[in-house]
Each structure stands twice: as C-alpha cells, then as structure tokens.
Amino acid sequence: MTIKLKKRLTNLAFLLPALLLFGTMVVLPFISGAKISFTDWDGFSEVYNFVGMKNYLKIFKDPTIGEPIKNSLFFTAVTVIGNNLFGLLLAMALKKNTRVNRIFRTFVFMPFIISLVLTGFIWSYIYSDVFYELLGIKSLLGNKKTVMLGICIMGMWRDIGYAMLIYLAGLNAISDTYYEAAEIDGAGPFTKFRYVTLPMIAPAMTINITLFLGWGLKVFDYAMTVTHGGPGRASETFALYVYNYTFPYNKAGYGQAAAIVMMAAIVVITGIVTFFLRRREVDL
Amino acid sequence: MTKRKITGPKPVIFFLLKLTVIMFFIAPFYISIVYAVKSPEETIKTGLAFPTGIYWENFTEAVRVSNFFSAAKNSVIVTAACVLILMVVCTMAAYVIARNLKSRLYSGMYYFFLAAIMLPFQVVMMPLYVQLKNMGLLNTRIGLILTISGFQTAYNIFVYVGFIRTIPVEMEEAAYIDGAGKFYTFWKIVFPLMKPIISSTLVLNALTVWNDFTTSLIIAQRPEVRTIPLTQYFFFGEYNIELNMAFAAFVMAMIPIIILYLLMQKYIIGGVMAGAVKG
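Going down the list, the sequences are from chains A and B.
Positions 1 to 284 (this note's numbering) are the ones given, in order, by the first sequence.
Positions 1 to 279 (this note's numbering) are the ones given, in order, by the second sequence.
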C-alpha cells in the first residue's frame, strides 16, 4: 500500500461517519424530494403520476398564496429591523462591564434559551389573560389585523438578546483611541456614532441581518403551535403553508414543490442581501 | 485622561430607563412563576402580586396530565445522544477538512456544508418521513436522534473547521515525525486543544436539540417518544388548560434549561459568538 493511498483511506475514515449521517438524513431525502415535487403524490398511496412542472406552475397561480408570503415577509421585516435596532441600543446601553450591566445582559438574553413553543404559549396566555385583565387590551392573536404583530413581539422578545450579544462583541472590539481622536476633532455623540461606531460594527450588523433574515423567512413554530395560522389564514406563514399541503391536506407533491420554491426564495433573498451588506461594509 | 465624576440626575434617569426595558424581558418569567405557584382563587384575588405560598397541586396536576416525566426522559436521551454524536462525528470530519483546505475536493466539501446550513427543514421533511418509515425508524428515539444530528452536522463542521484553522500545525507535524498515527494525533493532541470550542458548541447544540419542535413534529409524534416541546404542543392543543396549571407546566419545562443557562452562561455566549452564521 502506498503512503498516499493510506493517507487517503485514513482521511476517509475520519470523514465517513459525518458523510454517512449527512448523506442519509439530508442529501438522500433532498434528492427524493426533488423527484416528489414533479408528481401528484398524496403522501401515502402506492401509485402516483409524474406531472412535470405542473405543481410549480400551480404555486404561482394559487390565489391563496399571497397571504402566507405577505405574512412571512412581514415577520421577517419587523424582526430583522426590531432585533437589530433594539439589540444595538441595548448593547450600547449595557456596554460598560459593570455588575449591574452584567446582570441586565443575563436577563435580556434569557428568553433566547427557551423553546419557540414555550415562548408562543407563554405569550398567548399573557396576551389573553394578563393583558386583558390588567390593561383591557384584547389579545393581539385573536384579531386578523394584529395577529402577525403579536407573533412578531414574541419573536423579538426571544431574539433581541441574541442580537445584543453579537453587537456587544462588535462594540468591545472598537479601540477607545478612535473615540478619543474623534473627540479631539470636536465630534459630538451623534457624529461619533455615525463615523466611528457604525462603520466599526458593520460586520456585526451583517451577521445579525442575515441571521434573522434566514430565521424570519423560515418562521413556523409560533404560527403552528399558537395560532394554527388563524384567525382564518391571517397568520399562516409560508413554512406553515408548505406543512399544511404536505401533511394535513395530503398533497405531498404540491407541498414538496412549494418547499423547493421556499428554499430557492431563501437562497436568493439572503444571497442578494449578503452581497449588498458586504459591499456596504467596505464603503462605510 | 482624567475620570469625570458623575453627578446629577442623569445617570439615575438612565438607570431607571434601562430597568424599565429589562422589565419587558423578565416580566414573562415573573408572570409564569407567580401564576404557577398560585391557586385559581388566589389568582383572582391578588392577580400578579407576589405569591404568599406555593400551591403544589398545579405542579402535580400538570405532571400527571402532560405526562411530564416521560417527556423529560425522552428529551434528556435525545439531547444527550445528539450532542455526543455531533461532538465525535463532526470534530473528526472537520479536522480532515480543515487540514486539507488547499485541495479542491475538501474545500468543495467545506462550501457544500456551508451552503447546507441555509437549507430549510421543510424541503426534506416529507421524503425523510417516508425514508424513516421504510427503515422502521419513524416514531422512535433513534430516528429522531439521527435526523436532528444529521441536520446539525453542516453547522457543526463549519464552526469546528473555523477553529481548527487557528490551531498551528507544528505540534501535529512533530507527532507524525515521532511516528504517531493520525487517530492518535487527533484524539491526543488536536481534540484536547479544541476544548473551548467543543464546550461552547456542545451547550449550543444541547439548546437546539432540547428546544427542537419542527423535526420532532414530523419524526416522533407517538406519545411514548414525545419530547417536552412536542408534549406541550399536544397538551395545549388537545385540552383547554386551566391557567395556573398551564403556567406550572411552563415553569417545569423552563427550570432545567434556565439552570443550565445560569451555570453555563459563559459557554452559551461563546457558542453564539463562534457560530454567528447559524441558519
């Protein structure tokens, strides 16, 4: 056995468990999923027909698809902006490494460790029982107009701490000399923020925007557990739409095609946004 | 630079403002605990006031109705297994990838895993469901463990590769010269050096698995194998739960994870920083 061959075999031995695991659980299903998307399979029968591109064409003709797309995009936009804005504000407010600030940071990040299911249920009870009894506000989740906002608030409650941590790391990496130099040049707090802080935290901002963009476009748990997409279909997100067609409505072929469209949309949107953010990082 | 002495009302106002914002984050925890320990009568009378005692019946009822201990057992088994599998499988793969990134094959593999992080679960859920059914692994803990681990592989490899690249190769080269094999070199030299990233990733993986809902919903619905999030989903979906008992169930689900957080905060934060690209 040559040394090169032996080296290759050892490398393969190191990689094999990961490749097997990833191959069987992700790659194989992905390939058979692509096949399913071209059929009219219902999800359980033995027989099905190939229908070509029909499922994909049907997605774009479905009049009810506007609502899930709108809901997913609304959630994404609100949480990306909200998490970044409040995450950055909190990071700046809690930047100084004092005992009180450390305790505050622990509390701000705490919601992130509990599950989305638990977050959803706790907030649904807070909306329906606590808010109503205390403030007389009817549950945001019960009204078609406010249900998505209600879901956004719970999402932000959970994720702002995460954004804050990323920004804290960015802020701590800025050397004080930059601020001192700016002060000597007569910069006020706003100018310092605009011309020192903002450019320096651009990489942290890129991370936070792309991250919440990906999570937002995939949002599923809140709508699935707490509102079941309701009232009506007012909180049905795109991921829930995919789930509903794949399982409860027994249209696996169509659901699979919708899932692939969802993936494509995520790749394209995230790709474009990342491209512009990276370019902006250089400009700032 | 001389340190300015802070006086006047400004810092006080700033502190109070911060405190108000922090309340938004703590309030749901406070509300959960207060409601969980109060009897329905006390809740009506005193609302959100600080509780006077603990009404244990909320907890015993919540445990009984939601079958809490069975769910907790499943969650512990699934989480422990996934975390261990990922630790062994992904560090080994990442080692080979990180040390051969100059080769097109391995750098291709690296970008392949990187791209897979973005993959939404919805794309594979139906075929995976069918595949596990054919393998006889649907509605089993093993099926769930393999699925979640498989899905976390890409992200773990990505994080580990990033870290291994920062470890200088000299020590490994010295070991090879001394005649050590690759397995020995990896487990005795590289793996111990990876301890900080492994502990962070391990804790973060544990959180992800413990909190998983989407995967379990498709793969492990049968009551005997349900984990905590899934049990809660069915618990609240099927019955109209009395308020205090509901919050007792929330608090029980929160306690283990909050204890873990307070003990392992350093590692969780490290994990967040290391894997800030997680999809």
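FYI, nobody ran anything at the bench for these hints, they're computed from the structure.
On a predicted model such as this, the values are computed, not experimentally measured, just so you know.
Wrong hints could be hidden among the right ones.
Unchecked claim - Quick list of in silico lysine-lysine cross-link-like pairs, DSS-like style, CA-CA up to 25 angstroms: (1) B/K266 x A/K192; (2) B/K266 x A/K6; (3) B/K188 x A/K4; (4) A/K35 x A/K54; (5) A/K35 x B/K133; (6) B/K133 x A/K251; (7) B/K266 x A/K95; (8) B/K10 x A/K96; (9) B/K182 x A/K4; (10) A/K7 x B/K266; (11) B/K133 x A/K138; (12) A/K70 x A/K251; (13) A/K96 x B/K266; (14) B/K133 x A/K95; (15) A/K70 x A/K145; (16) A/K95 x A/K7; (17) A/K251 x A/K54; (18) A/K4 x B/K133; (19) A/K6 x B/K133; (20) A/K58 x A/K35; (21) B/K102 x B/K182; (22) B/K182 x A/K7; (23) B/K45 x A/K96; (24) A/K6 x B/K10; (25) A/K95 x B/K182; (26) B/K102 x A/K7; (27) A/K192 x B/K102; (28) A/K192 x A/K35.
As the list claims (entries may be wrong) - Quick partial rundown of chain B residues pointing at chain A, CB under 10 angstroms, derived from the structure: (29) I13; (30) L16; (31) I22; (32) K45; (33) G47; (34) F50; (35) W56; (36) V88; (37) I97; (38) Y106; (39) M126; (40) M135.
Ideal placement from N, C-alpha and C gives every residue a C-beta, glycine not left out.
Against the structure, the hints:
In summary, the hint linking B/K266 to A/K192 is not supported, as the alpha carbons are separated by about 31 angstroms, beyond the 25 angstroms threshold. Straight-line distance between C-alpha atoms of B/K266 and A/K6 comes to about 41 angstroms, which puts the hinted pair past the 25 angstroms bound. Pair hint B/K188 plus A/K4 holds up; C-alpha atoms about 23 angstroms apart against a cutoff of 25 angstroms. With a CA separation close to 13 angstroms, the supplied pair A/K35 and A/K54 stays within the 25 angstroms bound.
Distance hint between A/K35 and B/K133 is fulfilled; the C-alpha atoms sit about 18 angstroms from each other, no more than 25 angstroms. Proposed proximity of B/K133 and A/K251 is supported: the alpha carbons are some 18 angstroms apart, at most 25 angstroms. Proximity of B/K266 to A/K95 is assessed by CA-CA distance (about 17 angstroms); at most 25 angstroms being required, the pair is judged to hold. At roughly 16 angstroms between alpha-carbon atoms, B/K10 and A/K96 fall within 25 angstroms of each other, so this suggested pair holds.
A distance of roughly 13 angstroms separates the Cα atoms of B/K182 and A/K4; the hinted pair therefore holds under the 25 angstroms criterion. As the CA atoms of A/K7 and B/K266 are separated by approximately 38 angstroms, the hinted pair breaks the 25 angstroms bound. This hinted pair does not check out: B/K133 and A/K138 have alpha carbons roughly 44 angstroms apart, beyond 25 angstroms. The suggested pairing of A/K70 with A/K251 holds, with an alpha-carbon distance near 22 angstroms, which does not exceed 25 angstroms.
Restraint check for A/K96 and B/K266: the C-alpha separation of about 17 angstroms stays at or below 25 angstroms, so the hint holds. For the suggested pair B/K133 and A/K95, the alpha carbons sit about 51 angstroms apart, so the restraint of at most 25 angstroms is broken. Simply put, A/K70 and A/K145 have alpha-carbon atoms about 13 angstroms apart, close enough for the 25 angstroms limit, and the pair holds. A C-alpha spacing of about 49 angstroms is found between A/K95 and A/K7, which places the hinted pair above 25 angstroms, so the restraint is violated.
Restraint check: the Cα-Cα separation between A/K251 and A/K54 comes to about 13 angstroms, which is no more than 25 angstroms; the hinted pair holds. Only pairs whose Cα atoms come within 25 angstroms are accepted, and A/K4 paired with B/K133 is rejected, the gap being roughly 41 angstroms. With a C-alpha separation of about 38 angstroms, the suggested pairing of A/K6 with B/K133 is violated against the 25 angstroms cut-off. Taking the CA atoms of A/K58 and A/K35, the gap is near 17 angstroms; set against the 25 angstroms cutoff, the hint holds.
Proposed proximity of B/K102 and B/K182 is supported: the alpha carbons are some 19 angstroms apart, at most 25 angstroms. Taken as a hint, the B/K182 and A/K7 pair is honoured in the structure, with Cα atoms around 9 angstroms apart against an allowance of 25 angstroms. The straight-line distance between the Cα atoms of B/K45 and A/K96 is roughly 42 angstroms, outside the 25 angstroms bound, and the hint therefore fails. This hinted pair does not check out: A/K6 and B/K10 have alpha carbons roughly 70 angstroms apart, beyond 25 angstroms.
A hinted pair counts as satisfied when its Cα atoms are at most 25 angstroms apart, and A/K95 with B/K182 does not qualify at roughly 44 angstroms. Proximity of B/K102 to A/K7 is assessed by CA-CA distance (about 16 angstroms); at most 25 angstroms being required, the pair is judged to hold. Annotation: proposed proximity of A/K192 to B/K102 is violated, straight-line Cα distance about 42 angstroms (limit 25 angstroms). Pair hint A/K192 plus A/K35 does not hold up; C-alpha atoms about 55 angstroms apart against a cutoff of 25 angstroms.
Proximity of B/I13 to chain A is violated relative to the hint, the smallest CB-CB distance being about 12 angstroms (cut-off 10 angstroms). For the restraint placing B/L16 at the interface with chain A, the shortest Cβ-Cβ distance is roughly 12 angstroms, beyond the 10 angstroms limit, so the hint is violated. The interface hint given for B/I22 holds, since its Cβ lies 5 angstroms from the closest Cβ of chain A, which is under the 10 angstroms cut-off. With a least beta-carbon distance of about 12 angstroms to chain A, the hint placing B/K45 at the interface is violated under the 10 angstroms criterion.
For B/G47, the shortest C-beta to C-beta distance to chain A is roughly 7 angstroms, which falls under 10 angstroms, so the interface hint holds. For B/F50, the interface hint is violated, since its Cβ never comes within 10 angstroms of a Cβ in chain A; the closest pair sits about 15 angstroms apart. Given hint, B/W56 at the interface with chain A, is violated; its Cβ is 20 angstroms from that chain's nearest Cβ, farther than 10 angstroms. This hint holds: B/V88 has a C-beta 7 angstroms from the nearest C-beta of chain A, less than the 10 angstroms allowed.
A least Cβ separation of about 8 angstroms between B/I97 and chain A falls short of the 10 angstroms threshold, and the interface hint therefore holds. The interface hint given for B/Y106 holds, since its Cβ lies 8 angstroms from the closest Cβ of chain A, which is under the 10 angstroms cut-off. Of the supplied interface hints, the one on B/M126 holds, with its beta-carbon coming within about 5 angstroms of a beta-carbon of chain A, less than 10 angstroms. Restraint check, B/M135 versus chain A: the minimum CB separation of about 9 angstroms is within 10 angstroms; hint holds.
Hints 1, 2, 10, 11, 14, 16, 18, 19, 23, 24, 25, 27, 28, 29, 30, 32, 34 and 35 from the earlier list are contradicted by this structure; the remaining hints agree with it.
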